[in-house]
Amino acid sequence: MASEYWLQFLTGTLNTIVMAVVGTLAGLLIGLLIAIVRTLPVRPQDSRFKKALMKAVHFLLGAYIEIIRGTPMMVQALIVHYSLFIKLGLPNLLSALIIISVNTGAYMAEIVRGGIISVGRGQAEGAASIGMTHMQTMNLVVLPQALRNVMPSVCNEFVVNIKDSSVLSVISITELMFVSKQAGGAYAKFVPAYVICAIIYFVLTFTVSRLMRFIEKKMDGGGEVICGSQSDPAAEIRVREEDAPDV
Amino acid sequence: MKRTLSIILAVITVLSTLIAFASCSKVSASADLDNVKERGKIVVGMECAYAPYNWTQPDSNEYTVKLPSGAYADGYDVQIAKKIATYLGVELEIQAIEWDGLLPALESGGIDMIIAGMSPTEERKLSIDFSDTYFDSNLVMVVRKDGAYASASTLGDFAGARITAQQNTFHYTVIEQISGVAKQTALQDFAALMQALSSGAIDGYVCEKPGAVSAVASNPDFAFVEFEDGKGFACDPAESSISVGVRKGSSLTAEINKVLAGISKTDREALMDAAIARQPAED
Numbered sequence: 052m053a054s055e056y057w058l059q060f061l062t063g064t065l066n067t068i069v070m071a072v073v074g075t076l077a078g079l080l081i082g083l084l085i086a087i088v089r090t091l092p093v094r095p096q097d098s099r100f101k102k103a104l105m106k107a108v109h110f111l112l113g114a115y116i117e118i119i120r121g122t123p124m125m126v127q128a129l130i131v132h133y134s135l136f137i138k139l140g141l142p143n144l145l146s147a148l149i150i151i152s153v154n155t156g157a158y159m160a161e162i163v164r165g166g167i168i169s170v171g172r173g174q175a176e177g178a179a180s181i182g183m184t185h186m187q188t189m190n191l192v193v194l195p196q197a198l199r200n201v202m203p204s205v206c207n208e209f210v211v212n213i214k215d216s217s218v219l220s221v222i223s224i225t226e227l228m229f230v231s232k233q234a235g236g237a238y239a240k241f242v243p244a245y246v247i248c249a250i251i252y253f254v255l256t257f258t259v260s261r262l263m264r265f266i267e268k269k270m271d272g273g274g275e276v277i278c279g280s281q282s283d284p285a286a287e288i289r290v291r292e293e294d295a296p297d298v
Numbered sequence: 020m021k022r023t024l025s026i027i028l029a030v031i032t033v034l035s036t037l038i039a040f041a042s043c044s045k046v047s048a049s050a051d052l053d054n055v056k057e058r059g060k061i062v063v064g065m066e067c068a069y070a071p072y073n074w075t076q077p078d079s080n081e082y083t084v085k086l087p088s089g090a091y092a093d094g095y096d097v098q099i100a101k102k103i104a105t106y107l108g109v110e111l112e113i114q115a116i117e118w119d120g121l122l123p124a125l126e127s128g129g130i131d132m133i134i135a136g137m138s139p140t141e142e143r144k145l146s147i148d149f150s151d152t153y154f155d156s157n158l159v160m161v162v163r164k165d166g167a168y169a170s171a172s173t174l175g176d177f178a179g180a181r182i183t184a185q186q187n188t189f190h191y192t193v194i195e196q197i198s199g200v201a202k203q204t205a206l207q208d209f210a211a212l213m214q215a216l217s218s219g220a221i222d223g224y225v226c227e228k229p230g231a232v233s234a235v236a237s238n239p240d241f242a243f244v245e246f247e248d249g250k251g252f253a254c255d256p257a258e259s260s261i262s263v264g265v266r267k268g269s270s271l272t273a274e275i276n277k278v279l280a281g282i283s284k285t286d287r288e289a290l291m292d293a294a295i296a297r298q299p300a301e302d
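If you read the sequences in order, they're chains A and B. Per the working numbering, the very first residue in the first sequence carries number 52; after that it's consecutive. Per the working numbering, the very first residue in the second sequence carries number 20; after that it's consecutive.
One chain only, chain A, in its complex shape (with noise of 0.2 Å):
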């Protein structure tokens, strides 16, 4: 089976991870535009429009965050492409790129916020006090130390999207999952497709967790792995990099 199957095998793989791939990403780039936004000071002396417009706006974001983790991705995509997206005439993958892009923004919204909170305090005081507007702040100083806090996470939500794309196939998109139901189905024998079908995403999420391993190391930078807290220099461990963990 594997020999006659391997070309739709390596069509669905790669639709499983172009979708990860990108989902992840633009995922990513939406919880830290969400991230900034919710971050934007309100200040007491600020103009009463500019409250109600942040309010509004924070009421969205949290809707949004909220309403997104808590249905499944098969619900929204059948809700999303059949309602909307297929009236716009937007091809199959591209309408599947936008509906995991937008459910990993929601879960990317809070790691982030998760990983700028990590960030201490003295940081943004200390950019506040050599005169730093806060979007100078945020893109100068916390972000950049929150974005190597948030690597594990990340790498774990590129874990979850490899496998969690294949509830695509509701959509027409023919991913890795789909594929080995298809050659299962073919021969009425679904043990050997489902048996490569898990070779392959177990292939593929190794190689994901390594590469983000691997990233880590390069953010950290001189060769040294970091394994204590950032703002805390008491609490620092730096350890060199052929005694590090490997975990």
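Among these hints, one or two may not hold up.
[To be verified] Derived EDC-like pairs (lysine to aspartate or glutamate); straight-line CA-CA distance at most 20 Å:
1. B:60 <-> B:112
2. B:101 <-> B:288
3. B:85 <-> A:55
4. A:214 <-> B:119
5. B:102 <-> B:274
6. B:228 <-> B:248
7. A:138 <-> B:57
8. A:138 <-> B:126
9. B:101 <-> B:57
10. A:138 <-> B:53
11. A:138 <-> B:112
[To be verified] Here are the computed distance ranges between Cβ atoms for each label pair:
12. B:281 <-> A:139: 34 to 42 Å
13. A:202 <-> B:196: 52 to 60 Å
14. B:80 <-> A:245: 24 to 32 Å
[As the list claims (entries may be wrong)] Residues of chain B placed beyond 10 Å of chain A at every Cβ, according to the derived structure:
15. 85
16. 107
17. 142
18. 243
19. 280
Hints listed in this document are in silico derivations from the structure and should not be mistaken for laboratory results. A quick note: this is a predicted structure, and the numbers were derived from the prediction, not measured. Glycine included, each C-beta is placed from N, C-alpha and C at the ideal position.
Assemble the complex: chain A is given as a structure, and chain B must be docked to it using the hints.
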């Protein structure tokens, strides 16, 4: 105060426009036939994962239809779709969609027909229309050859057996006709059913005869029990057959029925036997 109010109103207007846009999902079905003829193409949805009705294969022959993913679809359902397309004088396009996505795809206009071994149950008739049946089959029970039920011949023989069937099908509802049966939870698809049977988690599953013939052909430790007339499941013949699904009030229904009327019962048996013979087999 005025400004805040106007902002809130603006937001509400935008949201309601979006929701209104999203909720208009009804497509005018009476123009279906004209639309199809104008486009020169009819789009059919099926899973392509369920031999001998519809399956996917990597190579083409005179019976196959090319799928958007690059593979080829073949099976009894594909042959019926081809006949309908030829009769209407249009091209045939097949979309492989997972079972749960078939009805939404049809209702929203993504596909024009569902030919996926789907039975016209009362629940489905609430949302879509069905043509006349394009294949009648009797229900059989797939069991393990070395199991206690391999030599069963009537429904009563299955008292105490652990039986199940596919989720969301009428196969699952008829299990109750066996008195004393231990009805198990429905499983999602035939992969799960076959796995459960070969591992011993269940004693048998309900299936239509062509599916059972395929399963037994590829799994030497399976057998199927065919019931004699009157001794098997009592089911509404309309519900136990399979029909083509179309949108409510579609103008395609009449044309499809004309095509199906021209395919006699012997023709249908012959088509099904040919499909079973063509399905991929492990060497």
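Are there hints from earlier that the structure breaks, and if so, what are their numbers? Checked against the structure, no hint fails, so every one of them is satisfied.
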